[in-house]
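Q: With chain A fixed as given, assemble chain B onto it according to the hints.
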Amino acid sequence: GAGVSQTPSNKVTEKGKYVELRCDPISGHTALYWYRQSLGQGPEFLIYFQGTGAADDSGLPNDRFFAVRPEGSVSTLKIQRTERGDSAVYLCASSRTGVSGANVLTFGAGSRLTVL
Amino acid sequence: AQSVTQLGSHVSVSEGALVLLRCNYSSSVPPYLFWYVQYPNQGLQLLLKYTSAATLVKGINGFEAEFKKSETSFHLTKPSAHMSDAAEYFCAVSETGRRALTFGSGTRLQVQP
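As you go down the protein sequences, you meet chains A and B in turn.
Just so we're aligned, residue 55 is where the first sequence starts under our numbering, counting upward by one.
Just so we're aligned, residue 5 is where the second sequence starts under our numbering, counting upward by one.
Excised from the complex, chain A in its bound form (with noise of 0.2 Å):
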């Protein structure tokens, strides 16, 4: 596609629940990451892909947040038990390669989360 599009773009669930984000790079990135943005904040990492496989999720808080990305394109974030704390804006971006750390990521619009 033309952008990285992100849905949902918002999601209200209650504490407990479990949700799913999804997020469709731009066509022919193979590298894909995930952000959490918290209000007042700056991004924040969480996970990085570069084709199927998590090249780096140091980013993720806890055990109850996992993503796959099974066939190298569109990939999901899954956050299980939601928490309060958990609300906050998730961003995917993907970039061409990962290889440099110069590569220019593209961000999508965000997914909102509240947990109530």
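What the hints contain is simulated information worked out from the structure, not anything from laboratory work.
Here the structure is a predicted model, which is why all the values come from computation and not from measurement.
Treat the hints with care, as some may be off.
[Claimed, not checked] Computed cross-link-like contacts, DMTMM-like style, restricted to lysine to aspartate or glutamate with a CA-CA straight-line distance of at most 25 Å:
id	chain 1	residue 1	chain 2	residue 2
1	B	62	B	75
2	B	53	B	68
3	A	132	A	98
4	B	73	B	99
5	B	53	A	98
6	A	65	B	92
7	A	65	A	111
8	B	53	A	110
9	A	132	A	111
A: Structure of chain B alone, referenced to chain A:
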């Protein structure tokens, strides 16, 4: 470990005035540095990036930034602010060998008429 500090969470300037947004980085190796802008309800957009080719980097919309190794700074400037520049600006750093960007906490720019 790399980190980014943006001094001033809010900056207000008059239309036509100089814009200066500050960014200092901490990195154990020569970094790559980026400035992104975020308009309300939109994704982050790249303004400019430094990759060691030149210390003065020109970006979109009249913005530029200068890499100063001695000061570990990468401040963003624009000679004359427009109302359309009102947005949140993020400085980010990455290091060779680490693919993910580390972002600062952001600076919200307000432009007064």
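Q: Holds or violated: residue 132/A and residue 98/A, Cα atoms, limit 25 Å.
A: Holds, at about 17 Å.
Q: Can you confirm whether the C-alpha distance between residue 65/A and residue 111/A stays at or below 25 Å?
A: holds, 24 Å
Q: Take the C-alpha atoms of residue 132/A and residue 111/A, compute the straight-line distance between them, and say whether it is at most 25 Å.
A: holds, 13 Å
Q: Quick one, are residue 65/A and residue 92/B close enough, alpha carbons at most 25 Å?
A: At roughly 23 Å apart (the allowed maximum being 25 Å), residue 92/B and residue 65/A satisfy the hint.
Q: Can the restraint linking residue 53/B and residue 68/B be considered satisfied, given a maximum Cα separation of 25 Å?
A: holds, 9 Å
Q: Hinted pair, alpha-carbon criterion (25 Å max): residue 73/B, residue 99/B. Please report holds or violated.
A: holds, 15 Å
Q: Given the hinted pair residue 53/B and residue 98/A, is their alpha-carbon gap at most 25 Å?
A: Within the cut-off at roughly 19 Å; holds.
Q: Run the distance test for residue 62/B versus residue 75/B: straight-line Cα separation, threshold 25 Å.
A: holds, 19 Å
Q: Compare the distance between the alpha carbons of residue 53/B and residue 110/A with 25 Å, and conclude whether the hinted pair is satisfied.
A: Status holds; Cα separation ~23 Å.
When the structure is compared with the earlier hints, no violation turns up for any of them.
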